[in-house]
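Chemist: For reference, the chains in residue letters:
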Amino acid sequence: MIQTPESEKEMSTSAQPSSLASVANAKPARTQPTQATGTGLEARGIHAWFGSNHVLSDVNLEFAAGSVTALIGPSGCGKSTFIRTINRMHEFIPGAAMAGEVLLDGKDVYASGVDVTKIRLQIGMVFQKPNPFPSMTIGENVLSGLKLAQLKVENKDELLESCLVRAGLWNEVKDRLGAHGGSLSGGQQQRLCIARALAVSPQVLLMDEPCSALDPGSTLRIEETIRELSDTMTIVIVTHNMQQAARVSDYTAFFLSDGGPGQMIEVARTSEIFSQPKDQRTENYVTGRFG
Amino acid sequence: MTTTAVPSKPWEKSSRDRVRDFSFFVLAIAFSYAFVGVTEMKGKLAYAFVFFVAYGVIVSVFSFITRGAPAAKDAFVKTLVALGAVITLMPIASIILTVIRRGLPGLKLNLFTQDMSLAAPTDPLNNGGLLHAITGTLTLVVLALVMSVPIGILTALYLTEIKGKFSGPIRFLVQAMSGVPSIVAGLFILSAVLYPITQSYSALMGALALTILMIPTVARTSEEVLQLIPNDLREAGTALGGTQWRTVAMIVVPAARSGLLTAVILGIARIAGETAPLLLLTGGGDKVNPNPFNGPVGSLPYYIWKSFNAGSPESLTRAWAGLLVLMLLVLILFIAARALSTRKVSK
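Going line by line, the protein sequences match chains A and B. Quick note on numbering: the first sequence equals residues 1 to 291 in the working numbering. Quick note on numbering: the second sequence equals residues 292 to 638 in the working numbering.
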């Protein structure tokens, strides 16, 4: 039986690790220096409330430019809330409040006088559920960010192609860019949403459980995409899948809520979190003893 | 080796089942005739009523014998639901059939080429027509559309997108407004605009009253449609760096397009046949009036009302023909709007 290199690769990446040590070794070390712009992102003393409900307490995290950071933890511990405070999507929920600073290239995104739409252009976001715009074609979807923010581009076709190539979708859709986004499969729709986020060339990409609604094959494609993107941008990914965190991230932060507001328990290199976590609760979680 | 599989639908009724169901049907009809013949209940309605009761009982008893009490209840409720559907359908079908039957004899070509300026309603049918009424109704509908659709949709956007402080009171007032009797809208425009300001009948006056009636329909339906648009899309638009206005204009409204057109269609349906305010405000001219802002203008409802009042056989035929044309006009508007709304929208 002849194996193509393609299927060989799939097999090796889809093999389920049997022990923690192999999980921790799943992500290869970075081979080339990052080309990401900016000096990265820093969250200082982030608290968040919904009404009088304190959901997130004093989170301090630094995201180096060009790194991939995974946020793990049980449901309801504030991971999603945390990343939504980074690009100021938190404030859309009625009754939401926050405290702390989010520094992008050293400037607080919550400072008065900051244009919030510009912030969201620099900090892109991919949501849990694929949400291509139903009234637009595949091509229009990718370029929708430019239209929304009224940006001008020299060569739209080139940008369209490069975004779809980077999102790993080009080969599948290049012949039907005029079709509607809803005609794609779930995994393709999610990669379309990634391409859409890339079109406005953000420095930072936030991903809120991007693979939770997808099958394992699509998940692998998106993980490959994340690794390729990490050469040029800072990525923060929320995930419930610890193998995924191990496969794609450089750093992992563990969040937990013990009845009160969610807290960030521990952050370290991903290999350390999975092999020798400092906190007992982290170890319990990553070894599957709870959560 | 390959087996040849024939596609079949084992869940469908067999021909024996069909014969059985049909015989139940015939049995119920026979029973209704027998029952009406023997008892004191008489009339067409008695046949229908007895038939339905008999059919329901026969089917339920059969189900009870073959499959027990739950199946019997199921069969009985099925008959009740079918009865409800038929009762709803009957007046509608009856109206349409009556209008077509009575209106067709009056439908002549000169109806669409002449107005009534040189003819009386009692004249023979080949003299005079309802060109003035058709153009008048179209003018009224278009003017009302131009005024009410922007207001209605903006109101809906305020309620769903901005969700401002006044959402509650506005929603309440819009709902209350949809209950305003059309004559009240007519009298309001008469006393607030026509007498103090313009002091003349015109299509605009009629359209203002129709606008009052149309806004609540458009606003409420649009609001419901916009609320169905998933919040994900709004978040995605905002997260891509769009302002709220850009997100709403580029994503939310296009996604709701076919629903918003339905809202407009329902609005047209609400006003196209409105008569009371037009009697007060348009003056009901018999001549085509090209100026929508001044002078009396005819309309189909007005023409129908006037022709019925004239009372001769010719004028009655005219009225029925007018009704038929009004129904066709509304139908054409419906189809046009439906075609527009499905033109470019995929699933």
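Don't read these hints as lab results, they were simulated from the structure. All values derive from a computational prediction rather than experimental measurement. Any given hint could turn out to be false.
DMTMM-like, lysine to aspartate or glutamate: derived pairs with alpha carbons at most 20 Å apart [as the list claims (entries may be wrong)]:
#	chain 1	residue 1	chain 2	residue 2
1	A	147	B	523
2	A	118	B	605
3	A	129	B	523
4	A	278	A	266
5	A	174	A	140
6	A	152	A	115
7	B	369	B	303
8	A	118	A	91
9	B	456	A	140
10	B	399	B	605
11	A	278	A	62
12	B	454	A	91
13	A	129	B	526
14	B	369	B	312
15	B	597	B	414
16	B	364	B	312
17	A	174	A	161
18	A	152	A	140
19	A	147	B	526
20	A	152	A	175
21	A	278	A	250
Chemist: Does each hint hold? Answer for all of them.
Modeler: Structure-based check of each hint:
Distance hint between residue 147/A and residue 523/B is fulfilled; the C-alpha atoms sit about 18 Å from each other, no more than 20 Å. Distance hint between residue 118/A and residue 605/B is unfulfilled; the C-alpha atoms sit about 72 Å from each other, more than 20 Å. Only pairs whose Cα atoms come within 20 Å are accepted, and residue 129/A paired with residue 523/B is accepted, the gap being roughly 8 Å. Straight-line distance between C-alpha atoms of residue 278/A and residue 266/A comes to about 8 Å, which keeps the hinted pair within the 20 Å bound.
The suggested pairing of residue 174/A with residue 140/A holds, with an alpha-carbon distance near 13 Å, which does not exceed 20 Å. Under the criterion of a C-alpha separation no larger than 20 Å, the hint pairing residue 152/A with residue 115/A is consistent with the structure, at around 18 Å. Between residue 369/B and residue 303/B, the direct Cα distance comes to roughly 17 Å. Compliance with the 20 Å bound is thereby established for this hinted pair. With a CA separation close to 16 Å, the supplied pair residue 118/A and residue 91/A stays within the 20 Å bound.
The suggested pairing of residue 456/B with residue 140/A is violated, with an alpha-carbon distance near 35 Å, which exceeds 20 Å. Proximity of residue 399/B to residue 605/B is assessed by CA-CA distance (about 13 Å); at most 20 Å being required, the pair is judged to hold. Between the alpha carbons of residue 278/A and residue 62/A the distance comes to roughly 18 Å, so the proposed pair stays at or under 20 Å and holds. Proposed proximity of residue 454/B and residue 91/A is supported: the alpha carbons are some 15 Å apart, at most 20 Å.
Restraint check for residue 129/A and residue 526/B: the C-alpha separation of about 12 Å stays at or below 20 Å, so the hint holds. Between residue 369/B and residue 312/B the CA atoms are separated by roughly 14 Å; this keeps the pair inside 20 Å, and the hint holds. The hinted pair formed by residue 597/B and residue 414/B meets the criterion: a straight-line CA distance of about 14 Å does not exceed 20 Å. Between residue 364/B and residue 312/B, the direct Cα distance comes to roughly 17 Å. Compliance with the 20 Å bound is thereby established for this hinted pair.
For a cut-off of 20 Å, the pair hint linking residue 174/A to residue 161/A stands: about 8 Å separates their Cα positions. Using a Cα cut-off of 20 Å, the hinted pair residue 152/A and residue 140/A holds, with the two alpha carbons roughly 14 Å apart. Distance restraint check for residue 147/A and residue 526/B: the Cα-Cα separation of roughly 16 Å lies within the 20 Å cut-off, and the hinted pair is therefore satisfied. Note on residue 152/A and residue 175/A: the hinted pairing is violated, with a Cα-Cα distance of about 25 Å set against a maximum of 20 Å.
Taking the CA atoms of residue 278/A and residue 250/A, the gap is about 17 Å. The hint holds against a cut of 20 Å.
When each numbered hint is compared with the structure, violations occur for hints 2, 9 and 20.
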